[in-house]
Amino acid sequence: MSDVEERSSVDETVPEPVQTGPTGGVRTPSGLRMDIRLAILIGVLIALCVVGYVTAPQTFLSESNISTMLRLAAAIGVVSVGMTFVIISGGIDLSVGSMVALASVWMTTLATQSYGPWIMVLCGLAVGLGAGLINGLLIAYGRVVPFIATLAMYASARGLAERLSERRTQVVTVQGFLEFFRGDLLGIPVLIWMLAVVYVIGWVVLNRTTFGRRTFAVGGNAEAARLAGINVKRHTAYVYALAGLCCGIAALMVVARTTSGASTNGQFYELDAIAAVVIGGTLLSGGRGTLIGTLIGVLIFTVVNSIFTQNNLETDIQNIAKGAIIVAAVLLQSSTTRTRKT
Amino acid sequence: MSEPASESSAPGEPDPNAEVLLTMSGIVKTFPGVRALDGVDLEVRAGEVHCLLGQNGAGKSTLIKVLSGAHQPDGGVIRWRDKPTTFGSPNAALNLGIATMYQELDLVDGITVAENIFLGHEHAVFGFPQRRRMRNEARALMRRLGHPEIPPGREVALLSAAGQQLVSMARALVHDARLIIMDEPTAALAADEVDNLFRIVHELTTEGVAVVYISHRLEEIRRIGHRVTVLKDGRTVAAGLDARTTSTSELVNLMSGRMVETVFPKREVSTVDETNEVLRVEGLTRGSEFADVSFTVHAGEIVGLAGLVGAGRSEVLETVFGARKADAGSVWVNGKRLRAGSVPAAVAAGVGLAPEERKSQGLLLDQSVADNVTLASLPEYSTAGFSDRGRELRDSRATLERLDLRPADPRRVVRTLSGGNQQKAVVARWLVRDCKVLLLDEPTRGVDVGARAELYRLIHELASAGVAVVLVSSEVPEVLGLSDRVLVMREGRLLTEAPASELTEAAVLDMVMEGSEVMA
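Read top to bottom, the protein sequences are chains E and R. Counting the first sequence from 1 gives a position; our numbering is that position plus 131. Counting the second sequence from 1 gives a position; our numbering is that position plus 1.
None of these hints come from the bench; they were simulated from the model. Any given hint might turn out to be false.
Claimed, not checked - Computed, partial: chain R to chain E, Cβ under 10 Å:
# : residue
1 : Val195
2 : Asp196
3 : Pro345
4 : Ser361
5 : Leu365
6 : Asp367
7 : Thr375
Claimed, not checked - Here are the simulated SDA-like pairs of lysine to any residue, each with C-alpha atoms no more than 25 Å apart in a straight line:
#  : chain 1 : residue 1 : chain 2 : residue 2
8  : R       : Lys437    : R       : Arg398
9  : R       : Lys326    : E       : Ser416
10 : R       : Lys326    : E       : Leu415
11 : R       : Lys360    : E       : Leu415
12 : R       : Lys360    : E       : Ser416
13 : E       : Lys364    : R       : Gly351
14 : E       : Lys364    : R       : Glu358
15 : R       : Lys360    : E       : Thr341
16 : R       : Lys360    : E       : Leu269
17 : E       : Lys364    : R       : Thr384
18 : R       : Lys326    : E       : Leu268
19 : E       : Lys364    : R       : Lys326
20 : R       : Lys326    : E       : Tyr184
21 : E       : Lys453    : R       : Glu357
22 : R       : Lys360    : E       : Arg357
23 : R       : Lys437    : E       : Leu268
24 : R       : Lys360    : R       : Arg325
25 : E       : Lys364    : R       : Ser378
26 : R       : Lys326    : E       : Tyr272
27 : E       : Lys364    : R       : Gly98
28 : E       : Lys364    : R       : Arg398
Stated by the list, open to error - Reference listing, derived: stretches of chain R covered by chain E, where coverage requires no fewer than 3 residues with Cβ under 8 Å from a Cβ of chain E:
#  : region
29 : 346-360
30 : 385-394
Every residue gets a Cβ at the ideal spot worked out from N, C-alpha and C, and that includes glycine.
Can you make the complete structure from the sequences, with help from the hints?
Take a look at the structure:
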């Protein structure tokens, strides 16, 4: 975890770098250590829940509302996992929403549905992975700036989705697919299980594997990583492919929730995902970030959404509130990292 | 001060009684841990080309920055046209008539020649730039500089290095400078372009403009210089020497023989294993950077690469390491040929590089020491892709203790370490994987004197343990003091190879600095 606060306090010892003894343990990007920023985020989340409870005491904390909130959060949450990897590696992915749309359309065409639920799932995952890989190859080997490469995918993936679906909503008729993904497992909706599993796997990959370490290294200092023998280009391609795969998983979730695939799915997911990642404390410049922060960022947005719908407030006010949250998060981020800058 | 200024000896000399434009006396400038300037005196007269000589680290760059207002001196007196002055900012210096052409061209690539020339000083009426006026003035300036073919509307990025140099100079001229500082202006120029530059310098001085000229090429200094001031270890050791008549050996002697009491540990027993050739480089060539470089390094041997900045030493090192791809030639480690242009191949073969720019090329500054130490060995510290944190921490700690990196805390963030300890962290990265060949590029840059001695001892220990070490340093005494064998490079070619014991600092300096016609 990026113990921003803690690092800044360690920095105060810089004038005497030869100071010996235990140094309060500045942590590597792994470990569950809480830092002040994370505590603040959790505090904000709890405060929002309290607001929700106070304004809608009967419904807000009800099991059905919590379940609804989490199922709504599932797709954007999974997309945000991929986005976290991309941003930690020093990049950006603007195309996640369009990739969700494309995967959701492709897996729900009549042809795909005719092969049954397994092929549908496989198709959604493969389309996401493939689109992400194209992003990655363009960025890593074509040397296209991430912003531009994924902007192109943003436009063309949604275009392709519209073409495939002829802008019609494709209803899912495969019962096996719907039964499983809309069902419960041990009393908890499958979508929420999937969200949890993706976060656990993402956390392990980011913090416990060589892949995660390389992601931090590439984002922290690509040249140093290259001179340490890391294949930076290949790794960059993998990271975008991973983001695409997450979009494929998110597409399954969206299709299950809406029982249909449409080219309008996943709109503004890129903005919500980037916002969640940034609120979670991941640096846009790369090299530092946490998945737990991202998860809390996603939950904060979800709770805000729920508060507004529970109280029948207009979406325009909702968007203003989201904007304010993003600004507050970034200001918080810069104020806790400023002491570090030399 | 061995010779009084005798400007009348050469034709076209400035009036010896010309106005003294600038006097600096006792200038002191300290940075944390370093006394960059420690009593510099400099006197510049109108219409002269005043050359600054000194080894890397002698304080030339700092002096220029003080002169151009980029740094504020901590002590000493500056008099400009006989009035005590301070240059509070680059703009203050410019307004007084001091313009600087930096070695690293400071142009903005994406905008035009004219826009660059007037950058920050645009002619404007109510905020609207007077483009035509600026373009006409730019055109006149380029004509004056002998290059009317460079259109003022051309984007700077499209110009050659020489063309950009001219724009940089036009920028100095547009301010009606009385004193122009030129920091190695010929470094990027071809021979005929150098002639043009010198013609312009001559015209400027005839008009009474003074030029402070910095170059490592004695040949150039003899061609256009009038007087020479020599810096060493942040002090003026000789001022106002005649640029044409002072002998090369005298200049070299003034620059060398440093007083800094760096102690190089003596190696009682040579650890060189002549029978075990670890690294062989054959005919390595890369574009305009270097050509036909061949050398070998044995186990336990330290081979030093001496030469000036820009001679191609770092480029050779990075090419051996695969970070740059060679056009021709081969690199062999323990008898196996390395795939060209592949860092992973070099790393797998047991080669390690401590790069020149420690912070931007070597370290993940915001991550822990352990993360940095194991960065090149992640597959070795993992099982089926899962990192083995415990073993990483243990091995990192052991290596830090071996290198005496203090504090030996593998969890500490690298940014908080001193320069010497950061360097050790980079070296540790290669030690944990038992590297056979260690390439060290300027290992002591930005490291204070005490930590240097430690690094020297460490390098010797590594050699004693059988590692083949290639050392690049701009400080000749360091190369001589540490190495078993020394290769001297100039302008991309190896000049000499000799045992360090047979070389003196003056001899090496002489080789790297003497005019290019000797070998070219």
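How the hints compare with the structure:
The criterion of a C-beta within 10 Å of any C-beta in chain E is not met by Val195 (chain R), whose closest approach is roughly 33 Å, and the hint is violated. The interface hint given for Asp196 (chain R) is broken, as the beta carbon of that residue sits about 38 Å from the closest beta carbon of chain E, more than 10 Å. Annotation: interface hint on Pro345 (chain R) holds; nearest CB of chain E at approximately 5 Å, less than 10 Å. A distance limit of 10 Å between C-beta atoms decides the matter here; for Ser361 (chain R) the minimum to chain E is near 6 Å, and the interface restraint holds.
Look at Leu365 (chain R): its Cβ gets to within about 4 Å of chain E, closer than 10 Å, so that hint holds up. Given hint, Asp367 (chain R) at the interface with chain E, holds; its Cβ is 6 Å from that chain's nearest Cβ, closer than 10 Å. The interface hint given for Thr375 (chain R) is met, as the beta carbon of that residue sits about 8 Å from the closest beta carbon of chain E, less than 10 Å. At most 25 Å may separate the alpha-carbon atoms for a hinted pair to count; Lys437 (chain R) and Arg398 (chain R) meet this at roughly 21 Å.
Under the criterion of a C-alpha separation no larger than 25 Å, the hint pairing Lys326 (chain R) with Ser416 (chain E) is inconsistent with the structure, at around 29 Å. Proximity of Lys326 (chain R) to Leu415 (chain E) is assessed by CA-CA distance (about 32 Å); at most 25 Å being required, the pair is judged violated. Between Lys360 (chain R) and Leu415 (chain E) the CA atoms are separated by roughly 20 Å; this keeps the pair inside 25 Å, and the hint holds. Annotation: proposed proximity of Lys360 (chain R) to Ser416 (chain E) holds, straight-line Cα distance about 16 Å (limit 25 Å).
For a cut-off of 25 Å, the pair hint linking Lys364 (chain E) to Gly351 (chain R) stands: about 22 Å separates their Cα positions. Between the alpha carbons of Lys364 (chain E) and Glu358 (chain R) the distance comes to roughly 21 Å, so the proposed pair stays at or under 25 Å and holds. The suggested pairing of Lys360 (chain R) with Thr341 (chain E) holds, with an alpha-carbon distance near 23 Å, which does not exceed 25 Å. Simply put, Lys360 (chain R) and Leu269 (chain E) have alpha-carbon atoms about 29 Å apart, too far for the 25 Å limit, and the pair is violated.
Note on Lys364 (chain E) and Thr384 (chain R): the hinted pairing holds, with a Cα-Cα distance of about 23 Å set against a maximum of 25 Å. About 22 Å separates the Cα atoms of Lys326 (chain R) and Leu268 (chain E), which keeps this hinted pair within 25 Å; it holds. As the CA atoms of Lys364 (chain E) and Lys326 (chain R) are separated by approximately 16 Å, the hinted pair is consistent with the 25 Å bound. A threshold of 25 Å between alpha carbons decides the hint, and for Lys326 (chain R) with Tyr184 (chain E) the separation of about 64 Å lies outside it, so the pair is violated.
Straight-line distance between C-alpha atoms of Lys453 (chain E) and Glu357 (chain R) comes to about 46 Å, which puts the hinted pair past the 25 Å bound. The straight-line distance between the Cα atoms of Lys360 (chain R) and Arg357 (chain E) is roughly 14 Å, inside the 25 Å bound, and the hint therefore holds. Of the pairs offered as hints, the one joining Lys437 (chain R) and Leu268 (chain E) is violated, with about 34 Å between alpha carbons and a cut-off of 25 Å exceeded. Distance restraint check for Lys360 (chain R) and Arg325 (chain R): the Cα-Cα separation of roughly 19 Å lies within the 25 Å cut-off, and the hinted pair is therefore satisfied.
For the proposed pair Lys364 (chain E) and Ser378 (chain R), the alpha carbon gap of about 18 Å is at most 25 Å, so the pair holds. Simply put, Lys326 (chain R) and Tyr272 (chain E) have alpha-carbon atoms about 17 Å apart, close enough for the 25 Å limit, and the pair holds. At most 25 Å may separate the alpha-carbon atoms for a hinted pair to count; Lys364 (chain E) and Gly98 (chain R) exceed this at roughly 49 Å. Between Lys364 (chain E) and Arg398 (chain R) the alpha-carbon distance is near 31 Å, which puts this suggested pair outside the 25 Å criterion.
Here the region 346-360 of chain R counts 5 residues with a CB under 8 Å from a CB of chain E, which clears the bar of 3, and the coverage holds. Judged by the Cβ-Cβ criterion of 8 Å, the region 385-394 of chain R is covered by chain E as claimed, because 4 of its residues qualify and three suffice.
Consistency note: the structure conflicts with the earlier hints numbered 1, 2, 9, 10, 16, 20, 21, 23, 27, 28.
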